[in-house]
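**Q** Guided by the hints, dock chains B, C and D onto chain A, whose structure is given.
Number of protein chains: 4
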Amino acid sequence: MEIGFLGLGIMGKAMAMNLLKHGFKVTVWNRTLSKCDELVEHGASMGETPAQVIKKCKYTIAMLSDPCAALSVVFDDKDGVLEQICEGKGYIDMSTVDAETSLKINQAITGKGGRFVEGPVSGSKKPAEDGQLIILAAGDKSLFDETVPAFDVLGKKSFYLGQVGNGAKMKLVVNMVMGSMMNAFSEGLVLADKSGLSSDTLLDILDLGAMTNPMFKGKGPSMNKSSYPPAFPLKHQQKDMRLALALGDENAVSMPVAAAANEAFKKARSMGLGDLDFSAVIEAVKFSRE
Amino acid sequence: MEIGFLGLGIMGKAMAMNLLKHGFKVTVWNRTLSKCDELVEHGASMGETPAQVIKKCKYTIAMLSDPCAALSVVFDDKDGVLEQICEGKGYIDMSTVDAETSLKINQAITGKGGRFVEGPVSGSKKPAEDGQLIILAAGDKSLFDETVPAFDVLGKKSFYLGQVGNGAKMKLVVNMVMGSMMNAFSEGLVLADKSGLSSDTLLDILDLGAMTNPMFKGKGPSMNKSSYPPAFPLKHQQKDMRLALALGDENAVSMPVAAAANEAFKKARSMGLGDLDFSAVIEAVKFSRE
Amino acid sequence: MEIGFLGLGIMGKAMAMNLLKHGFKVTVWNRTLSKCDELVEHGASMGETPAQVIKKCKYTIAMLSDPCAALSVVFDDKDGVLEQICEGKGYIDMSTVDAETSLKINQAITGKGGRFVEGPVSGSKKPAEDGQLIILAAGDKSLFDETVPAFDVLGKKSFYLGQVGNGAKMKLVVNMVMGSMMNAFSEGLVLADKSGLSSDTLLDILDLGAMTNPMFKGKGPSMNKSSYPPAFPLKHQQKDMRLALALGDENAVSMPVAAAANEAFKKARSMGLGDLDFSAVIEAVKFSRE
Amino acid sequence: MEIGFLGLGIMGKAMAMNLLKHGFKVTVWNRTLSKCDELVEHGASMGETPAQVIKKCKYTIAMLSDPCAALSVVFDDKDGVLEQICEGKGYIDMSTVDAETSLKINQAITGKGGRFVEGPVSGSKKPAEDGQLIILAAGDKSLFDETVPAFDVLGKKSFYLGQVGNGAKMKLVVNMVMGSMMNAFSEGLVLADKSGLSSDTLLDILDLGAMTNPMFKGKGPSMNKSSYPPAFPLKHQQKDMRLALALGDENAVSMPVAAAANEAFKKARSMGLGDLDFSAVIEAVKFSRE
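Residue numbers (this note's numbering), protein chains in the order written: chain A, 1 to 290; chain B, 291 to 580; chain C, 581 to 870; chain D, 871 to 1160.
Bound conformation, chain A alone (with noise of 0.2 Å):
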């Protein structure tokens, strides 16, 4: 099977090479030409344009930075997916854009006889590198059903979630439940703290209960120590937060819990903590003057 491969950042460059390693046929394109350099030598072959890879592969997979880089891949005079893209061609984007891109990418793509699919992924560089990313596919299903080679290379396990725009909506939800859930976790930790108990104790507590999960072993002894390197910038998760509310608003649906953490993260932000790890939204529920 021969896929094209537009975007080599971190994550494409690991999806890409894993594709090579199953023995998929893989022309890969990237807007620095010179980043191609390490596939080709696994075996990649590489085009000079994304009209280029579209003309030579039945499918394409996306996997680029934001929805500008997404449109632009796109859009862009003479050398942009749009000049190639026709009848028979499959059109698979798993950048992380908004619902409203994603549509508009679609409308391009079906627009000119192709067939488009979104797939958003859960998860960062080691699951990318791994294969064990989660896709939130939707679109064109039978796109999808030709893709889950693919996917099942790339991924632990790919969800096909009906219409355009689901993939983006059902990521925001996820991410709505990881930002209240790390803003109880807080709560919790500075309450102990507060209260003359010891966080890490608690910490041990929650491990062995009902409630333990990988983000708060991962995150709990870090912001313990008041540590919070990047894995997911605050100033994103807030945006997330910001867009679930959004989508919460379309339908009518009342989030109090989401609302309150979705304040503390703005608080969070305007104590310049945006581009620290969201767990920092902790220092936001410390915070004391005294």
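Any given hint could turn out to be false.
Unchecked claim - In the DMTMM-like style, the derived pairs of lysine to aspartate or glutamate whose C-alpha atoms are separated by at most 25 Å in a straight line are:
#1 Lys-995(D) with Asp-787(C)
#2 Lys-431(B) with Asp-193(A)
#3 Lys-721(C) with Asp-1063(D)
#4 Lys-157(A) with Asp-490(B)
#5 Lys-1027(D) with Asp-773(C)
#6 Lys-35(A) with Asp-130(A)
#7 Lys-815(C) with Asp-483(B)
#8 Lys-194(A) with Asp-388(B)
#9 Lys-1026(D) with Asp-787(C)
#10 Lys-737(C) with Glu-582(C)
#11 Lys-819(C) with Asp-98(A)
#12 Lys-239(A) with Glu-830(C)
#13 Lys-217(A) with Asp-130(A)
#14 Lys-576(B) with Asp-490(B)
#15 Lys-157(A) with Asp-483(B)
#16 Lys-515(B) with Asp-483(B)
#17 Lys-446(B) with Asp-200(A)
#18 Lys-819(C) with Asp-1063(D)
#19 Lys-368(B) with Glu-292(B)
#20 Lys-515(B) with Asp-494(B)
#21 Lys-1027(D) with Asp-784(C)
#22 Lys-819(C) with Asp-483(B)
#23 Lys-1105(D) with Glu-390(B)
#24 Lys-736(C) with Asp-1070(D)
#25 Lys-797(C) with Asp-1077(D)
#26 Lys-1109(D) with Asp-787(C)
#27 Lys-819(C) with Glu-250(A)
#28 Lys-1026(D) with Asp-784(C)
#29 Lys-345(B) with Glu-377(B)
#30 Lys-774(C) with Glu-970(D)
#31 Lys-447(B) with Asp-200(A)
#32 Lys-415(B) with Asp-204(A)
Hints were generated in silico from the structure; no laboratory data involved.
**A** The following block gives chains B, C and D in isolation, referenced to the frame of chain A:
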């Protein structure tokens, strides 16, 4: 090692049985004495009153239904623990009581020369039977150390948390985190559903990620079926949220997410859901007249 | 002083009439031209198109129903404001629009050499008729200064708030305070009632103290009768809360009370109360299944 | 009409003086007796103990500093109110106490055959001097009716609210609305400021609209100067929010806005602002590290 055991409710009976099975000599008492029969068949002795049990045993554990029962067993004229407690003896109350009750009992016991440990547990019937409780102990350190062999049989882990009251406080902190997490989870499930996503698929996605935990796995499927068999009644969860917020009040800890979660539990109570499982708070999130 | 006036809805008609009464020469236009008749009877001239009105008058005020209408009056091919606006002319848009719409109109007008002021108002039908509006103006200062005689007729006070967009923003801030106050009031009324106190007596007590204000006095009695005739629809109030929270998001201002109030309005919307007065949010506080 | 008066603090002295001025015969007592001198100069008699005052007067009003003082005046051995209270006599406690204290005093007084009214007031020094207090009375209706002439002198309005405890509860409801309003106001002022608008102009705009009220007018200007001279200390306001939320808890009323406001006051307390005026909560909204 000889141990007295006061209170043979669901929890107490399972715990006393575990002690017997592991070779402890156990003398039991229960307000309704007939409940002692099964234990006696398995080799336990029986005391006629709490005072008799205390007289006979160096160490006595109590597992009573509520603060009122815990106080009455200690303070009852003629028959109570206080009648016989004295230097050299230890009293371990594992009932779930507030810090104030615990302090009152502690004062009375130590006033007579006895030693006291509070040891509320995390976990319910099944963990009690399996000896898998988590024990949040506080009070006399020497008594705690001497009691460790019994704790090892009753629980998978026992924590020594310092002065009397800390066991009760730690339990509040843990339950507060649990209550806020349950709200985060509920809001996510409802948001998914109202946004046209499958809340069952959300469960699958959460289960694969960094937030996966036994509580979401255990309660999610029934919540999606609007079924809330009471493992931990909502009204008790709300009471613990309130007490945790009061603890925060005492120590000037602002906890806006827990406060929002508490109001959601109160809304659920006002909807008549207080006796259902605390996961029924999702009904307060779901509710709409349309 | 000659003034053009575009838009003769409930508000616009009352405002144009006031200008006439105070000796201004007024040229009116309305999409449905027949609505101009009454004004013409009182001495107004009529324009066939917005462009005609602009051509005739040095100053033109617009009072349109929503951002869409505001944009179309300016940008319409052939007939729109842009066809005739030019150096020396001033355009004052008093419609309630978002900052973005305002900035777009400003750019177009000034691009043609014209001057622009946004001037959203606080107050509805009655204050419009009585010339008692509050005008939140921003934009070209010289135009504002020249327009003051007209503002003095239309409102009891006009504020100059600086650059275009500030009028819209100030209105959001004011409406946010209003929405949170309405929730505070609603919670008080329900708490009184459920605690066995009279919510009518609470109104009397509030009326005598430092919190007495026309909104509580005007809406309290009907709220106590569960009557919510729509003066300001709940869905619009909720939209303004959302936009105010977004403004806070932009500027990293954490506003937990407004966020909680917004969620209460959303709950009320989910109960089907969006078209009632925003005071109907009390129904979301009141609601219980029992 | 002869009235006893116990407690000559700032409030009590002003109130007793008003009674004298309006022709009442007043017998005063104060723990520090020398504080009676000024009143005696104006024609009052003096009692050596509360018991003496009760013995002499058919009606006795108390205005004491806190629940502890209120209880001690009633229950003191030999000298307390209980020594002389009896059928035919009335005791009116206008101190600010919790419902529980009020109920305790009521039980003791009525147990001796006396009649009791609680009458906490809304308003501080100035209204006390001007006879412009608002009186929230509850308890024995016949005593209330007989005391109206005195209430008419002390306040601009007195309310009869039913059974003992209702006065205290109504005061909590009023103060809760006040605390939430203060948060709404604070968030608005900060949002204006951080959005590049003038918070002084916001005060002017609010003052002209439907939300205008003496509290915003009185406290706004000093809040904009970060000045918080304590008229009503923040820690007391926060205590009342907490007690109002507890009242809501008892009656299953969910109040998310008051809960968010309470957490903001707690944050302010943790910042060391408890002894400043409750308007200092704006500092918790404002706070950011940058």
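**Q** Please flag the earlier hints that this structure goes against, numbers listed from lowest up.
**A** none
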